[in-house]
Each structure stands twice: as structure tokens, then as C-alpha cells.
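Asker: Chains as they are written, first to last, in my numbering: chain G, 1 to 95; chain Z, 1 to 95; chain H, 1 to 95; chain X, 1 to 95; chain V, 1 to 95.
If you're looking for bench data, these hints aren't it; they were derived computationally from the structure.
By construction, the Cβ of each residue, glycine as well, lies at the ideal position given by its N, Cα and C atoms.
Treat the hints with care, as some may be off.
What the hints assert, rightly or not - In the DSS-like style, the derived pairs of lysine-lysine whose C-alpha atoms are separated by at most 25 Å in a straight line are:
#1 K5(X) x K5(V)
#2 K5(X) x K70(X)
#3 K70(G) x K70(V)
#4 K70(Z) x K5(Z)
#5 K70(V) x K70(Z)
#6 K5(G) x K5(Z)
#7 K5(V) x K70(V)
#8 K70(Z) x K70(X)
#9 K70(H) x K70(G)
#10 K70(Z) x K70(G)
#11 K95(H) x K5(H)
#12 K5(H) x K5(Z)
#13 K5(X) x K95(X)
#14 K5(G) x K95(G)
#15 K70(X) x K70(G)
#16 K70(H) x K70(X)
#17 K70(Z) x K70(H)
#18 K95(V) x K5(V)
#19 K5(H) x K70(V)
#20 K5(Z) x K95(Z)
#21 K70(X) x K70(V)
#22 K70(H) x K5(H)
#23 K70(H) x K70(V)
#24 K95(X) x K5(G)
#25 K70(G) x K5(G)
As the list claims (entries may be wrong) - Okay, the calculated beta carbon distance ranges per label pair:
#26 P17(V) x H33(Z): 41 to 51 Å
#27 V51(H) x S35(Z): 30 to 40 Å
#28 G89(G) x P17(H): 48 to 58 Å
#29 G50(V) x V51(H): 28 to 38 Å
#30 V11(H) x G21(G): 44 to 54 Å
#31 G89(V) x Q84(H): 39 to 49 Å
#32 R14(X) x S35(Z): 48 to 58 Å
#33 K70(V) x A23(H): 23 to 33 Å
#34 D88(V) x K95(G): 54 to 64 Å
#35 L67(Z) x D88(H): 27 to 37 Å
#36 K95(G) x D71(H): 41 to 51 Å
#37 H33(X) x D88(V): 26 to 36 Å
#38 A23(H) x D88(G): 30 to 40 Å
#39 E90(Z) x E90(X): 48 to 58 Å
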Amino acid sequence: MNLGKVTGTLVASRKEPLMEGLALLVVRQLDEHGSEAGGYVVAADSVGAGVGEVVLYASGSSARQTLSTKDKPCDAVIMAIVDQWDVDGETVYVK
Amino acid sequence: MNLGKVTGTLVASRKEPLMEGLALLVVRQLDEHGSEAGGYVVAADSVGAGVGEVVLYASGSSARQTLSTKDKPCDAVIMAIVDQWDVDGETVYVK
Amino acid sequence: MNLGKVTGTLVASRKEPLMEGLALLVVRQLDEHGSEAGGYVVAADSVGAGVGEVVLYASGSSARQTLSTKDKPCDAVIMAIVDQWDVDGETVYVK
Amino acid sequence: MNLGKVTGTLVASRKEPLMEGLALLVVRQLDEHGSEAGGYVVAADSVGAGVGEVVLYASGSSARQTLSTKDKPCDAVIMAIVDQWDVDGETVYVK
Amino acid sequence: MNLGKVTGTLVASRKEPLMEGLALLVVRQLDEHGSEAGGYVVAADSVGAGVGEVVLYASGSSARQTLSTKDKPCDAVIMAIVDQWDVDGETVYVK
Chain G
1 MNLGKVTGTL VASRKEPLME GLALLVVRQL DEHGSEAGGY VVAADSVGAG
51 VGEVVLYASG SSARQTLSTK DKPCDAVIMA IVDQWDVDGE TVYVK
Chain Z
1 MNLGKVTGTL VASRKEPLME GLALLVVRQL DEHGSEAGGY VVAADSVGAG
51 VGEVVLYASG SSARQTLSTK DKPCDAVIMA IVDQWDVDGE TVYVK
Chain H
1 MNLGKVTGTL VASRKEPLME GLALLVVRQL DEHGSEAGGY VVAADSVGAG
51 VGEVVLYASG SSARQTLSTK DKPCDAVIMA IVDQWDVDGE TVYVK
Chain X
1 MNLGKVTGTL VASRKEPLME GLALLVVRQL DEHGSEAGGY VVAADSVGAG
51 VGEVVLYASG SSARQTLSTK DKPCDAVIMA IVDQWDVDGE TVYVK
Chain V
1 MNLGKVTGTL VASRKEPLME GLALLVVRQL DEHGSEAGGY VVAADSVGAG
51 VGEVVLYASG SSARQTLSTK DKPCDAVIMA IVDQWDVDGE TVYVK
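Only chain G is shown next, with the shape it has when bound in the complex (with noise of 0.2 Å):
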């Protein structure tokens, strides 16, 4: 899993008929300290998750393991919100 900041939203209306009702959104990747690590995912948000916030999100397969991607072509979740990481006994983010 990897940690990330939700950047963006994206809408797209023409689509694979499972795509429906899934939330999209732009992912930052974050590396191990809170910094950008320069690439990014969309996810499906399975957590409410909002523009800003720092979440936690899987991929590959099981990216399908939450109720709302369950069997849907979607290779990316996000499925926690980060309250605090720490590393190397200090606190990198705390929300």
C-alpha cells in the first residue's frame, strides 16, 4: 500500500456500465517522509475521502476488495484516511 494525497477529481460520463457510482479521484504519491514521490493513481475513494486529505490506497487486484469495487475493472482504492504516520520516531504527519 502507499500513501498519497488526494489532489483532484475527475468526471467521466461515457463509460464501462460497472464504472457507475464509483467517486474518482487524483492521487499524489507521498514518499516515506510526507514529500511527493512524483507520480500519481486514480483511485476509487471507498472512504469519503476529500481533496487535501492524506490517504492510504491499494493496488492490483486487491484493489477490488471493498464493497464499492468489488468485480469492477478498477485497479486502484483508496480505502483509509491518514491520521498520523511516524518514522524513525518522529512524527511525520499528523492530521
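Following the hints, position chains Z, H, X and V against chain G.
Answerer: Only chains Z, H, X and V this time, still in chain G's reference frame:
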């Protein structure tokens, strides 16, 4: 999931029988800001995308979760045509 | 899925019994414009590809979706021989 | 599977119900020689690993093959604490 | 699938019960020409490979398709010992 722009088409007459009927498109990867990210993928099309369109595609086993790709040796599928996306409060792309 | 050129063959007599009968080919990865992309993969061949041919291959669990690779410890399969592909309105490759 | 060092912990109270009860650890990736490889992953812990320990973790669908991660939206799991590893005839690490 | 050279062994006594009995080897990745590619993986051994041998390994869910790795939290498996491979009409390696 990742953003891409459909840049071309691919024809293959000699193929695994399961690949029959799949439309194969060349998709150039875009970054979060709509710039070319330097990579590409060949994806099956499940939504009738055309050359020049900005699309969302899924990879891995998730690419087999559409009606057209189910149980096929296909690891990337276009499952949405993007209408608009916003990042950092600004509209990056609108169709 | 990605484009590649078959550059060689691989022989392995001591192997997992499930690998028996699979033809293993070395595939050099090509970019969208047909140039060598700097990587390679060893793929099982499901279409009778030969050295020098330009092919399409699938990776991951999708590589097990052909008759010859089903349930085998194989993570890449050649499932099409490319006749032609076009990018940005120009023909990149024709067989 | 890859080697890593547990460097931190992560707390997330708002999450997919399936994530309840999973201990989430920050794992800094190590290369073959025990040096930091420049990446990290957030992994579920199935063996009671603590900060500072050198561990082995699995990614992708394989991360869901432990009792604690089964059917969960989790794509990385720590499934072993490393006692020792040797490379090129020399001991790289011993606990 | 990728080519690698077995460079070492790994011992872990505290591990997920499902990992019991798996031989874990350090595999240095080789490129198409037999040079070291700069990466490594820890793989389960399903063919009795030894340090110094050149092997073929599979990653992801395909790594769980051998008798010894089935349903285990293992994402890489050595499933063949390479006898020979040829690239561009030349023999790169012969055992």
C-alpha cells in the same frame, strides 16, 4: 488507474483465439497535469474510444473485469472516456 | 499489453513439471515508436512466434488466460503477432 | 518478495471496515546488500514485527494469502522476520 | 518471467505458518545479455536451485502456481534452471 491519450491502433491477424474481436489501441500515458509521461500501453477498448481521446485505463487482473475482456489474456483496458479532471483547484482538461 | 520483438530462445531441462511443453522466448521490449525500450521479458509463446517477429504480450495473471499457459507458473505470454500499428497518424510498423 | 526494515507505524481511524484490526507498518526497502533501496511500502503485519526489524514482505494478490489479510484491500504483507541472509558467500545481515 | 542468478540464501525462523518449508533464495536479476540488471528478488525455490545457478523466475500471482507455493504469501518463484539462452543469433549463456 491511469490517464492516457489514444494515439493509435494495432492490427494482429494471427493471435490467440480469445483475442478475436478485441479492439486494440495504443495509449500514451499522461501525468497528473496532462503532460506526456513517457510511457505507453496497448489496451483493449471497452467503451468505443477513438484516436485522440483522453481515457482512463485499468491494468492487471482488473483489466479482465469488463464484458469484452473477461477471461482473456489482456492486461490493460480502456474503461472510461474522460470528460474533465481537476488538480490543485484548477481544471487540467475538459473535453 | 506491450509490444516486443522476439530476439531469442531459452532452454531449461530442469523445471517445474507444469512448465513442460511451454516454448519460452526472449522478447525485447519496444516503445510506441518501435524503438527498443531498454527492457526484456521471457514469455511463453501461444501463437507460434519466431525469432525476429514483432509481437504483443500480456503480463501478470492475464498471461495465464491462454490454453497453453492456464494454471502454470508463467507471468508473460505472447498472444498475438503484430501485422501493423499506427501512431499519430503514421504507420510505425507493417509486417 | 523483498527485504525491508520497519521504520514506522501508521494510524488510520476512518477506513474500509475490512481494514479493521490490521497493523500497518512503514517498511523501507533494502537492496540485496542491505542498503536502503530508495523506496518504501506500507504493509500489513502478520508476524508481530516491530520498528527496527528486518523483514520479508510480499506484494500484490500474494499479500492476501495470510490469515490476517485474507480478502482484504491490502497489497503488501510482512510474513517473515529475517534472521540472516547471505550473498556472494558473505553474511549480509544477522539478527 | 525474468532471468536471474542465485546469489544467496535467507533464513527466517519467525514467519507466517504458511511459509514453513519454503526454501528462500536471493536472486540477482540479469538482463537479456546476461549482465546484472541492478535489482534482486527473494524467491521461493521449486526446482532445487543452488547458489551460482542461472534461473528463470515468475512473479505475482503466477508465483503461486507451483505445488510448493500454492496459496502461500509468496510473490516470486524459481521454476526453471536455465541450460542455455540465445539472443540475436548468439549464445549468451550455456550451463
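Asker: Hint numbers the structure violates, sorted upward?
Answerer: As far as the earlier hints go, 19, 24, 31, 32, 38 are violated by this structure, in ascending order.
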